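Trainee: Please model the complete structure; the sequences and the hints are all you need to start from.
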Amino acid sequence: MRLPLLALLAKDPAHGYELKARLEQTFGDAYPSPNIGQIYLTLQRLERSGLVHSQDVVQSDRPNKRVYELTPAGEEAVATWLEEPSDGPRVRDDFFMKLVLGPQAGIADRLSLINRQRRYYLSQMRSLSVLAEEGSGHDKYGGLLIEGAMLHLQADLDWLERCQGELL
Amino acid sequence: MIRPAASGRLRIADQVTEPGRPLLRSVGLTKAFKTDGGVVHAVRGVDLQVRTGEFVAVMGPSGSGKSTLLHVLGGLEPASSGEIWLDGQRVDALSQAKWAILRRRHIGFVFQFFNLISSMSVADNVEVAALVGGASRRGARARREELLGELGLTAKAQASPAQLSGGEQQRVAVARALAHRPSLLLTDEPTGNLDSSNTAVVLRLLRRSHTGGLAILLVTHDARVASTADRVVNLFDGMIADDTVVRPAPLYPVGASGVLELRD
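Chains A and B, in that order, give the protein sequences. So the first sequence is numbered by this note's numbering: it starts at 89 and just counts up by one. So the second sequence is numbered by this note's numbering: it starts at 73 and just counts up by one.
Please keep in mind that the hints were generated in silico from the structure rather than gathered at the bench. Since the model is a prediction, treat every value here as computed from it, not as a measurement. This list has only true hints and no planted wrong ones.
In the SDA-like style, the derived pairs of lysine to any residue whose C-alpha atoms are separated by at most 20 Å in a straight line are:
1) A:Lys108 - B:Tyr324
2) A:Lys228 - B:Asp267
3) A:Lys99 - A:Glu164
Derived DEER-like restraints, expressed as beta-carbon distance ranges:
4) B:Gly264 - A:Trp169: 36 to 42 Å
5) A:His240 - B:Arg209: 49 to 55 Å
6) B:Lys106 - A:Asp246: 28 to 34 Å
7) B:Gly117 - A:Asp246: 22 to 28 Å
8) A:Asp227 - B:Gly110: 52 to 58 Å
9) A:Glu171 - B:Asp267: 29 to 35 Å
Quick reminder that beta carbons are idealized off the backbone N, C-alpha and C, glycines included.
Mentor: Following this line, the structure appears as structure tokens:
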């Protein structure tokens with residue numbers, strides 16, 4: 089969450105609640121929205137690392153609010169993040185480790201492992217379909233985020249079938 | 073159990089299915105083909121049951137026998153051995169002619185390629201299907217108007233199938249399959265040729281018909297399509313490897329977001 093928060097602050101200085109609201113407005117229900125405590129903890133850590141600095145803004149009718157702003161080091165961190173490619177193929181797939189090592193040790197059954205994983209993926213696909221149909225599916229970023237997650241799940245399921253074909 | 077079709081936008085999450093009595097059932101079903109390379113055992117002992125009003129998806133790798141299973145269950149190809157029961161009646165032992173009549177009354181089919189009659193208008197395609205299914209002239213016309221209205225195709229009623237987009241043609245194919253009010257829809261990759269927005273339209277339509285009491289047995293490799301069913305059967309090497317009820321799962325562990333990333 090650190091870098092998305094920094095990227096939001098690259099647009100405008102903001103306080104914690106504003107950041108939470110912006111994340112939710114932009115990505116909709118499909119994005120695992122952090123709770124406000126997590127956001128403030130992250131902001132504190134970012135401040136200790138010198139990536140943001142904060143300042144209390146006096147409000148006449150309400151308690152003061154603390155507004156966060158990027159430091160030059162923070163701007164640099166966002167720029168670096170944007171320039172580097174994100175995680176690609178997962179050659180350290182956790183499920184695959186289970187699928188190979190469990191049966192090798194004689195403590196798990198391959199078909200059960202595959203079926204359990206497939207059921208999980210299908211349930212997730214179902215949840216995404218519900219989201220696509222009802223809420224975030226209708227806004228631009230939320231809809232694309234859901235579609236991406238669905239395509240990944242389809243690939244995961246196709247690959248499970250390959251594992252089933254090769255290993256059973 | 074027949075319930076009125078839901079109106080308005082479909083909400084998958086709201087759907088509660090109350091499956092009824094066994095509608096389609098196979099016992100020890102097998103299908104083998106003779107080919108130049110020898111005998112291919114496409115279906116190898118499948119016990120499967122679809123209840124009235126139930127929506128079941130069959131998934132599996134290509135070559136797993138899922139399309140063959142659907143064809144045999146629908147009587148489009150004879151079984152090699154085993155039993156098929158339709159609404160309490162054993163049908164695999166019936167004469168082809170008798171089974172054809174039962175099928176016409178109870179079952180609708182939708183395939184990946186739309187199977188429309190190209191020389192007929194959209195309206196006639198649907199109306200003829202209702203007539204063949206036993207509707208009166210007046211009944212067939214009313215059914216045609218109802219279905220085309222529901223599918224947003226009223227304006228295209230007089231068009232020929234070739235003038236329609238792929239998504240529209242598939243909607244007409246679904247209307248044809250439903251024209252005689254079957255209790256069971258058998259469908260093989262109904263969204264196989266469609267882009268994602270047309271896939272959504274056809275899926276919505278299937279869900280709505282299902283809510284209205286239609287049982288659906290759907291073969292697909294598309295997990296998004298399969299996940300809208302109540303049950304997913306996984307076919308592997310001509311046999312059922314898994315049979316599971318699909319329930320939505322949380323997309324991420326509750327409370328975990330951000331926590332991991334807090335460790336710098």
